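Note that the protein sequences, when read in sequence, are chains U and Z. Numbering-wise, the working numbering puts 189 at position 189 of the first sequence, and it's gapless, one number per residue. Numbering-wise, the working numbering puts 1170 at position 170 of the second sequence, and it's gapless, one number per residue.
In short, the hints are calculated from the structure, not lab data. In this text, all values refer to a predicted model and were calculated from it rather than measured experimentally. Careful: at least some of the hints might be erroneous.
Claimed, not checked - Example chain Z residues on the side facing chain U (calculated, C-beta under 10 Å, incomplete):
hint	residue
1	A1078
2	G1082
3	D1084
4	D1109
5	L1142
6	S1143
7	M1146
8	Y1158
9	M1180
Said to hold, decoys possible - For lysine-lysine, the following DSS-like pairs were computed, each having C-alpha atoms within a straight-line distance of at most 25 Å:
hint	chain 1	residue 1	chain 2	residue 2
10	U	K86	U	K183
11	U	K159	Z	K1040
12	U	K159	U	K86
13	U	K159	Z	K1239
14	Z	K1115	U	K86
15	Z	K1115	U	K159
Note that beta-carbon positions come from the ideal geometry of N, C-alpha and C, so glycine has one too.
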Amino acid sequence: MNATGLRITLGLVSVVGLVALWWLYVALTGVPPYVLPRPEVVGAEIVRLFASGSIWPHLAHTLGVLLAGFAIGSVAGALLGCVLAKAPRVERVVGPYLFFFQTAPKIALAPLFILWFGLGLASQLVLVVSLVFFPVMVGALLGMHSVPARLRDLAGILKMTPIQRLRLVELPSAVPELFAGLKVAAVQATIGAILSEWMSGDSGLGYLMVFASTTYRTPLLFAMVLLTALLGIVLYQSLALIERRLLSWR
Amino acid sequence: MGQTPGRDTLVSIENVERVFVTNTGDEVRALAPVSLAIHKGEFLSLIGPSGCGKSTLLRILAGLDTPTAGRLDWAGGAPKSGNDIGFVFQDAVLLPWASVIDNVRLPLDVFGTPKGEATQRAEAILRLVGLGDFTSALPKELSGGMRQRAAIARALVYNPRIVLMDEPFGALDLLTRDRMNDELLRIQQELGATIVFVTHSIDEAAYLSDRVAVMSARPGRISAVHEIDLDQPRGEAVKDSPRFHEWLSQLRRELR
Chain U
1 MNATGLRITL
11 GLVSVVGLVA
21 LWWLYVALTG
31 VPPYVLPRPE
41 VVGAEIVRLF
51 ASGSIWPHLA
61 HTLGVLLAGF
71 AIGSVAGALL
81 GCVLAKAPRV
91 ERVVGPYLFF
101 FQTAPKIALA
111 PLFILWFGLG
121 LASQLVLVVS
131 LVFFPVMVGA
141 LLGMHSVPAR
151 LRDLAGILKM
161 TPIQRLRLVE
171 LPSAVPELFA
181 GLKVAAVQAT
191 IGAILSEWMS
201 GDSGLGYLMV
211 FASTTYRTPL
221 LFAMVLLTAL
231 LGIVLYQSLA
241 LIERRLLSWR
Chain Z
1001 MGQTPGRDTL
1011 VSIENVERVF
1021 VTNTGDEVRA
1031 LAPVSLAIHK
1041 GEFLSLIGPS
1051 GCGKSTLLRI
1061 LAGLDTPTAG
1071 RLDWAGGAPK
1081 SGNDIGFVFQ
1091 DAVLLPWASV
1101 IDNVRLPLDV
1111 FGTPKGEATQ
1121 RAEAILRLVG
1131 LGDFTSALPK
1141 ELSGGMRQRA
1151 AIARALVYNP
1161 RIVLMDEPFG
1171 ALDLLTRDRM
1181 NDELLRIQQE
1191 LGATIVFVTH
1201 SIDEAAYLSD
1211 RVAVMSARPG
1221 RISAVHEIDL
1231 DQPRGEAVKD
1241 SPRFHEWLSQ
1251 LRRELR
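Full structure from sequences and hints, please.
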């Protein structure tokens, strides 16, 4: 058996094993279904959600908030990171504020965002953007600072223009740190999207979670937990795939 | 390339001085006033103990550092564009994500040379340095010596007015170093390049150079300049000649 085959087999064994343990636990302890439903009930719920099509608007909403917030937050974060790396004076002036906002728990600011931007899409986006922005900015800043001194000398000797430096030397050097930031941001963005739907709005996977828990529809709650986890994993893995492509020279 | 006094000067270094201010506010004189003329087409070595300012002098020539006092007088005006100066560092300093040919054509791409011409020139210079079969390799796939050949090709591909080399073979093993020395002489003769070569190896300096400038430390200054009157072109036979060994002992004495 080759390495890929082995990996897939082991992955399957691990999933089947976990489901078996889950099933056994419910069967042996007789825990009530509203606390922990059996795996096949949760599976049936997921199938029902997709078969009836009722999940699509919610999935689309969460995915939309997640991707839009991630895109806006990363572009803005990467841009500011580059600007700060290029202008140390600006970094010294705005650095302390950025540090404050970076360490402030954005989750705690969520109610404030709702006050400022209302109960709709705007405050949901603001929360996701605020979570994505800082890790990407820090990644871009660190990446731009990681250019070896000798490469900077080379750029100086060839009298590269600032744009040439950025395109030929600094951005390619910054890829590892930038992607480290993007991957942290992807996890944060998923949390942010779900959380913002808990607190406001009337659609999305987060909204369905709150609905399921308040109406004791535990299979639906479990289905949502699985779907959101899957969403986060897909986003993270796509980034990891792009990163591997970009860093294939390593 | 026999040296004749008074041949064309490419750049004359006039009373160049460099003072660094440390974090504690102390002044460190890296270079006392230094004067030296560099001739067109010559191979000039700077040797000296560490801390004698030879690298500082090279960085000033490259425009990477500015003198505290004194000036550089370039024949035909100070370098304005990036293609006036070639620089080879102790490490190859290649872009690790780019292939050998992309690394070598990098300067041409920066200067806006048409794509086809840039590729042709990069391929030609890679053949000259013996990397004709490795154009699409990544730097990590090459040995240290091959990486340094690529770095030399990158510095020569745009025919700079002067090539500055800062201990380019210092990180290589002795055998590779000897081979690279001969290769460098061959390439220099083929292209007629002007080379300023910083080294702390007396053998290397005596073997390669038309002239050797000996520097001493604290503050860094040039204590002697010698015309090395060994046979041209240099080769293994030169290393066995008594004159070569006389030069070695004289330079060694002066470095003490």
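Comparing the hints with the structure gives:
| no. | hint | result |
| --- | --- | --- |
| 1 | A1078 | 12 Å, violated |
| 2 | G1082 | 4 Å, holds |
| 3 | D1084 | 9 Å, holds |
| 4 | D1109 | 8 Å, holds |
| 5 | L1142 | 13 Å, violated |
| 6 | S1143 | 17 Å, violated |
| 7 | M1146 | 16 Å, violated |
| 8 | Y1158 | 9 Å, holds |
| 9 | M1180 | 19 Å, violated |
| 10 | U:K86 x U:K183 | 24 Å, holds |
| 11 | U:K159 x Z:K1040 | 23 Å, holds |
| 12 | U:K159 x U:K86 | 16 Å, holds |
| 13 | U:K159 x Z:K1239 | 40 Å, violated |
| 14 | Z:K1115 x U:K86 | 30 Å, violated |
| 15 | Z:K1115 x U:K159 | 19 Å, holds |
Hint compliance for this structure: hints 1, 5, 6, 7, 9, 13 and 14 are not met, and every other hint is.
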